[in-house]
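Participant: Residues per chain, in single letters:
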Amino acid sequence: MTSPGTTGSGAAGRIGAAELAAYVAGSRLFATGAAESAFSLAADWAGSVIGDGVEVVAAGDLPQDVRCVAVSLVGSTTALGELLPSGDEPARAVRALEGRLGGRAGAVVALNLAAENALIPLVAAAALGVPLVDGDGTGRVFPLVEQTTFALGGVPATPLALAGASGEVVVIDTAADRVEELLRPVVLSVGGWAVTACYPMCAGVLARVLVPGTVSRLLRAGAPGTARAVAAPYGVRTLCRGRILAVEGSTGHGAELALPSLPSSIVVRESGGLGRLVRLEAHNEIVLALADGAAVAMAPDQICMIAADGGTVVDVDKAAPGMEVEIMVVRAAPVWHTGPGLALGGPRAFGLPL
Amino acid sequence: MTVAELVDAGPLAGARMYGTGENPVHRVRIVDELSVLSTVTPHTAVVLIGAAAGGGWAVEMAMRRAWEQAAACVIAPSGGLSAGSGAVLAERLGVTLIFVDEDPLVTAVRVASAASRPEAARTQLVARCATRLAEAGTSARRVLGVLNAELPGTSVAFVDPYGQLLAGRAAGAAGHRPRDGGPAPEGRAGGGVLAEVAVPDRDGDALGTLVAGGAARSPGWPSVVRAVLGLAVAPLVAWAAAERLSASRDFVHQESLAERLLARHARPLEEGHGHAPESPRTADGEEPDEVRGRAAALGWAVRGPVTGFLVLPADGVTGAEAAGRAQAVIAATVGEAPVLRRGGGWAGWSAAAPDELAGRLARCVAAMPWPCAAGAGAAAVGLDGVGESLLGAEAAAFVAGPGRVARADRMGPAELLGALPAGVLKAPATVVLRPLLAVDKDGSLLETLAAVLDEGGALRAADRLGVHRNTVTARLERVRAAGFDLEDPASRLALQLACHVVLR
Chain Y
205 MTSPGTTGSG AAGRIGAAEL AAYVAGSRLF ATGAAESAFS LAADWAGSVI
255 GDGVEVVAAG DLPQDVRCVA VSLVGSTTAL GELLPSGDEP ARAVRALEGR
305 LGGRAGAVVA LNLAAENALI PLVAAAALGV PLVDGDGTGR VFPLVEQTTF
355 ALGGVPATPL ALAGASGEVV VIDTAADRVE ELLRPVVLSV GGWAVTACYP
405 MCAGVLARVL VPGTVSRLLR AGAPGTARAV AAPYGVRTLC RGRILAVEGS
455 TGHGAELALP SLPSSIVVRE SGGLGRLVRL EAHNEIVLAL ADGAAVAMAP
505 DQICMIAADG GTVVDVDKAA PGMEVEIMVV RAAPVWHTGP GLALGGPRAF
555 GLPL
Chain C
1317 MTVAELVDAG PLAGARMYGT GENPVHRVRI VDELSVLSTV TPHTAVVLIG
1367 AAAGGGWAVE MAMRRAWEQA AACVIAPSGG LSAGSGAVLA ERLGVTLIFV
1417 DEDPLVTAVR VASAASRPEA ARTQLVARCA TRLAEAGTSA RRVLGVLNAE
1467 LPGTSVAFVD PYGQLLAGRA AGAAGHRPRD GGPAPEGRAG GGVLAEVAVP
1517 DRDGDALGTL VAGGAARSPG WPSVVRAVLG LAVAPLVAWA AAERLSASRD
1567 FVHQESLAER LLARHARPLE EGHGHAPESP RTADGEEPDE VRGRAAALGW
1617 AVRGPVTGFL VLPADGVTGA EAAGRAQAVI AATVGEAPVL RRGGGWAGWS
1667 AAAPDELAGR LARCVAAMPW PCAAGAGAAA VGLDGVGESL LGAEAAAFVA
1717 GPGRVARADR MGPAELLGAL PAGVLKAPAT VVLRPLLAVD KDGSLLETLA
1767 AVLDEGGALR AADRLGVHRN TVTARLERVR AAGFDLEDPA SRLALQLACH
1817 VVLR
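One line per chain: the protein sequences are Y and C, in this order. Just add 204 to the spot in the first sequence (first one is 1) and you have our numbering. Just add 1316 to the spot in the second sequence (first one is 1) and you have our numbering.
It is possible that part of the hints are untrue.
Unchecked claim - Where chain C lies over chain Y, by a calculated footprint (3+ residues, C-beta under 8 Å):
| hint | segment |
| --- | --- |
| 1 | 254 to 266 |
| 2 | 439 to 453 |
Stated by the list, open to error - Facing chain C, according to a computed beta carbon distance under 8 Å, are these residues of chain Y, among others:
| hint | residue |
| --- | --- |
| 3 | 466 |
| 4 | 469 |
| 5 | 481 |
| 6 | 483 |
| 7 | 485 |
| 8 | 557 |
What the hints contain is simulated information worked out from the structure, not anything from laboratory work. Even for Gly, the Cβ is constructed at its ideal location relative to N, Cα and C.
Same shape as in the complex, but just chain Y (with noise of 0.2 Å):
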């Protein structure tokens, strides 16, 4: 495996229909949340307009003062599937941020790679003509809009302009730490879902701030035949395989957080090895994994539930008792396990106190 990519090595290369296959099936590896539908409707809509392709380069290697936003599918997927997209999303949030700022936006930049939100700046960067910027805002997904590297290199989300499917523009800026409350009633009123333009950047400081080389990186675990773990840059391991025998709801995971969805709790009996059992404690995601009541890996590192038949991410919503599913670690990028990146990304920003 390659170390992870640096921020000025050269062209990446780019995505075009033929690649568009292996970004797709790559997007899916360690994605959670993802309703089907509505990731065939987002990958039937790159294939679409991705027309002669995008090009993927590194954050490095453009100008420095080249502007980038990050584009991400803001809202629920579910909501996706139903309320079909016009097309011309991406196109009107970013317009709408650079009427904003003044001037145009050189390059786009994916907040996370998870599944439609791999996509959705693909089709950004295919319908404004600029290209992709190899690497994303987190390296793995996170349920709020301000859990990126981005904003703990300093970056603030806004101002943020939000694109709906009827044709709403809502340009949202506010100070950092108002973004999700402002946003999500936003989101709910214009159908449920929508395409954001947000953290407005030049190269320079994105070069710095980005998790790097996770688009190509994707590119190359979505080929046929490749390892999953090719797809984590920072490693992966194997918690252990088993069947869950119970879910159930949650508590203690703190009252005034305010997290899409209810905290719930797997129990997986370990089939092999030391038969121990395991609880996974989801909020929105998995934030917790204890073995006989040990903590064994928690946020920010990624855990997730694959299944043991068909090799596909279990969402926390789907999992039921009697599915057999190998619980994976995937290692957050390094700055997630500074200081600040545990207070952004860690087990207390989802309510638990560890």
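Please build the complex by placing chain C on the supplied structure of chain Y, with the hints as guidance.
Facilitator: The following block gives chain C in isolation, referenced to the frame of chain Y:
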């Protein structure tokens, strides 16, 4: 004091425990956040509150850290962790986990108090039971009330030898197997039988059994339950004795009890739908049955094969005082049995088979202050059939004659004829037959008439008498000439009866 003892008999009574609970408890530590656990010392009962009990994950992490610190047990509010994974983890780590329903802070204070006085808790439970049993006196209902109130998480039932609930909670007897081999109910909630203690009556026979059911929360719990049940035996024996004493003092009291028992069992018989031997209203009743309970205290047979009997005084002795004396004699000779006034005598039923019962009735008849006859009915399958058995007993007693015992199941037409009051009927029979007797100088006409009626024809009558059939025909002509119409069925029966009485 071990964890198990805290749960069995002490301040945690009624809590759910997972794990062996064999670790000794020396002190208590209240833990409100997980980091505190790193300072917990061995043999500590860890009481989780606040954030440390805030969710399944927190309780599991606390159990893990308690195990690392060799704590005695983890006490958590119920609902914090699902029982299933709690049990699995308790077993895997060897850490005892206890769920309590009350405020954990209250629990902590009580555990601390018990830990400082280790020997007291178990003794306290037993002593408290003894005191409250003494207050309950000789009432089966109150005794069982005390047992069920003082033994937490445990249901206690008092059942008769047939497995019927006399007092207490039906759930307690769920796993009990009665002595008549009936199948123990399966699949009832609350676990199996924790303890069983036999309650003898004053003669040493089985009066009933105290059965405690529920989940064995720890290895030591059944022995505690058994000790407490043992305390209840004496009050229950006294209860039965008191019931018997009052029944023997008051004939009417026990008679009305017997009538009520019979009445409730009579209904299926009258409906005639071939019910099971036991009345469905009582067979598996969940409620303790007061009538049944008192009958059991008196030692009466209330189930299984029973045989009815009737003791019949020759000279029509009646009245409550005589009945009381008769009841005393019956109790002394036949055994504990209900006594009811029936058909001019005293009826009852017994668990003894007709053979055995006839023997006892013979002793009874001999011991009675008045000349008496007695009859034993046929064996009935249960109390449903005792009415039929009593009818047989009545008939048998009527047939038996003073000083004797007859059995309905051995009774035929000969016995019926034998029971005819020949002395009473002799005069009317003579009057009826007078026209014949007037012409019958040597008695041959009467003899021939009897033979023809008994044998049903002249030919066989001739055989019996050893005469020619023409002789019989000739004599019958003379009988007819005396005014008797042998073709009329009513006349024939009356004549046959009259011949029987006169010739006997």
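Participant: Hint compliance check: list the failing hint numbers for this structure, sorted ascending.
Facilitator: Per hint list: 1, 3 violated.
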